[in-house]
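This is what each chain is made of:
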Amino acid sequence: MAPRKKDAASTAAATQPSTTTISAAPPTAAAIALKDALNVGPAVSVVPSAFCADLASNPIIVNNSSDSELKHALDDALKKVLVQDFSFIENHTHTDTRLLLGYASVLFAAVASAYSYVVPFPECKPVLAACVAAYFVLNGAMVGYTTFVEGNVIFRGVRKDVLGLDPDEYITVRTTHEQFSSDVKIEFSFGDETSKAAAPTSAAGKKVASAAARARKGAGSRAGTVTLVKSFGAYYDVDGRLSGEALMRDVAGVLHGRKAD
Amino acid sequence: MDALKSLSRLSVRQLAQQALNFCLIVSSALMIWKGLSVVTNSESPIVVVLSESMEPAFARGDLLFLTLPSTPVTIGDICVFKIQDKPIPIVHRVLEIHAAQNGSQYMLTKGDNNPTNDRALYNPGQMWIRQEDVVGKVQGFLPHVGMVTILLNDHPQLKVVLLGVLALFVLFSREE
Numbered sequence: 001m002a003p004r005k006k007d008a009a010s011t012a013a014a015t016q017p018s019t020t021t022i023s024a025a026p027p028t029a030a031a032i033a034l035k036d037a038l039n040v041g042p043a044v045s046v047v048p049s050a051f052c053a054d055l056a057s058n059p060i061i062v063n064n065s066s067d068s069e070l071k072h073a074l075d076d077a078l079k080k081v082l083v084q085d086f087s088f089i090e091n092h093t094h095t096d097t098r099l100l101l102g103y104a105s106v107l108f109a110a111v112a113s114a115y116s117y118v119v120p121f122p123e124c125k126p127v128l129a130a131c132v133a134a135y136f137v138l139n140g141a142m143v144g145y146t147t148f149v150e151g152n153v154i155f156r157g158v159r160k161d162v163l164g165l166d167p168d169e170y171i172t173v174r175t176t177h178e179q180f181s182s183d184v185k186i187e188f189s190f191g192d193e194t195s196k197a198a199a200p201t202s203a204a205g206k207k208v209a210s211a212a213a214r215a216r217k218g219a220g221s222r223a224g225t226v227t228l229v230k231s232f233g234a235y236y237d238v239d240g241r242l243s244g245e246a247l248m249r250d251v252a253g254v255l256h257g258r259k260a261d
Numbered sequence: 001m002d003a004l005k006s007l008s009r010l011s012v013r014q015l016a017q018q019a020l021n022f023c024l025i026v027s028s029a030l031m032i033w034k035g036l037s038v039v040t041n042s043e044s045p046i047v048v049v050l051s052e053s054m055e056p057a058f059a060r061g062d063l064l065f066l067t068l069p070s071t072p073v074t075i076g077d078i079c080v081f082k083i084q085d086k087p088i089p090i091v092h093r094v095l096e097i098h099a100a101q102n103g104s105q106y107m108l109t110k111g112d113n114n115p116t117n118d119r120a121l122y123n124p125g126q127m128w129i130r131q132e133d134v135v136g137k138v139q140g141f142l143p144h145v146g147m148v149t150i151l152l153n154d155h156p157q158l159k160v161v162l163l164g165v166l167a168l169f170v171l172f173s174r175e176e
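Here the protein sequences line up with chains X and F, keeping their order.
With UniProt numbering applied, the first sequence corresponds to residues 1 to 261, in that order.
With UniProt numbering applied, the second sequence corresponds to residues 1 to 176, in that order.
Some clues are possibly wrong.
[As the list claims (entries may be wrong)] Computed list of lysine-lysine pairs in DSS-like fashion (alpha-carbon distance at most 27 Å, straight line):
#1 X:79 x X:160
#2 X:71 x X:230
#3 X:79 x X:185
#4 F:110 x F:86
#5 F:82 x F:110
#6 F:86 x X:125
#7 X:230 x X:79
#8 X:79 x F:5
#9 X:125 x F:82
#10 F:5 x X:71
The hints are simulated quantities; they were obtained by calculation from the structure and are not laboratory data.
Pulled out of the complex, with its shape left as it was, chain X reads as follows:
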């Protein structure tokens, strides 16, 4: 098939969705590209993105060489996108439990030091021993919770249907990054009230929807897992600036693609 002749104007105006220099494109061209990618019909207008507006005023620029910074900034941005643009309400249980256990152990440590400062040594031993034991138990509990219960979950949230017709939608987002790799794996797990975003299967590769998870009994047709494997270069440009549009487009693709099934 012969390629269509493109004139100079349309070449300049149309930007490829997978480019990383999207932040340099003029707003109108970006809006056009966004609309094409979201594939919304003519009856639906493009909603302005609160997240992208936020990024325009407070840009996220990180050190490109630090995988840890790249991943952390991406995690934070993912959370912001889901809350600001897609109306999810974040569930802070994991974070709060972790903070509670941590600060409780620090409290025991403070009590132990204060007590042993006030009461001289041989008499303070029993209380000191109890506080030290409590400190290590609580610390161990916190580490255990972070490793086994929280795992690599970065976001848990719920979205209530605006019209009140559909049941609440639960989402769990997990991100994994292998050392020395430039790829990050983002898993979106969905569920409803009964399944509450079931654990993902071991699917990898670009945009795999897990049919097995959907067929899981009792989970209903709304449960499932979508996995995204992207390079950091898909979201960060050569200066380390995060592209809000690229991230928002991918997340929208995951959420809307799921709804179309």
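On the provided structure of chain X, position chain F as indicated by the hints.
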């Protein structure tokens, strides 16, 4: 500053997490020390030698590991003991032990490198050390490592600097 800007981007919970990371490091070190002192039954389980009175066995700057066993002290043991109203404990060898009728011990000590016994160091009128004055018995030592502690004590500003550097390092970096 990049670091300050990255901190300002964090939510309240994330800031609390960063502060917690710092507190956990400090309190872990503290609890290990206190735990060690409970296990060894001695108030200060690791001490640093400050004088040359125990040469050639211990030099200035050596680290000593102490425990306080329930069995009584024997002649030849190197003990760390405190003289009442004197703040710094003394590390010397036990020379003589006399036991009274009721079982309480009276000890005479001397530093290996000193010409005479420690009666000059005791309080006026005190001729012996008793069991209660003993803080611990030396079980082992590490040469020269304690010089760092001597340095930190001679220049207390270094402690503040060290803690400040640790704080900056931990507060501005996020865990993997």
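Hints versus structure:
1. Only pairs whose Cα atoms come within 27 Å are accepted, and residue 79 of chain X paired with residue 160 of chain X is accepted, the gap being roughly 17 Å.
2. For the proposed pair residue 71 of chain X and residue 230 of chain X, the alpha carbon gap of about 12 Å is at most 27 Å, so the pair holds.
3. This hinted pair checks out: residue 79 of chain X and residue 185 of chain X have alpha carbons roughly 15 Å apart, not beyond 27 Å.
4. Between the alpha carbons of residue 110 of chain F and residue 86 of chain F the distance comes to roughly 17 Å, so the proposed pair stays at or under 27 Å and holds.
5. Taking the CA atoms of residue 82 of chain F and residue 110 of chain F, the gap is about 14 Å. The hint holds against a cut of 27 Å.
6. Proposed proximity of residue 86 of chain F and residue 125 of chain X is supported: the alpha carbons are some 23 Å apart, at most 27 Å.
7. Using a Cα cut-off of 27 Å, the hinted pair residue 230 of chain X and residue 79 of chain X holds, with the two alpha carbons roughly 17 Å apart.
8. Of the pairs offered as hints, the one joining residue 79 of chain X and residue 5 of chain F holds, with about 19 Å between alpha carbons and a cut-off of 27 Å not exceeded.
9. The straight-line distance between the Cα atoms of residue 125 of chain X and residue 82 of chain F is roughly 19 Å, inside the 27 Å bound, and the hint therefore holds.
10. Distance hint between residue 5 of chain F and residue 71 of chain X is fulfilled; the C-alpha atoms sit about 17 Å from each other, no more than 27 Å.
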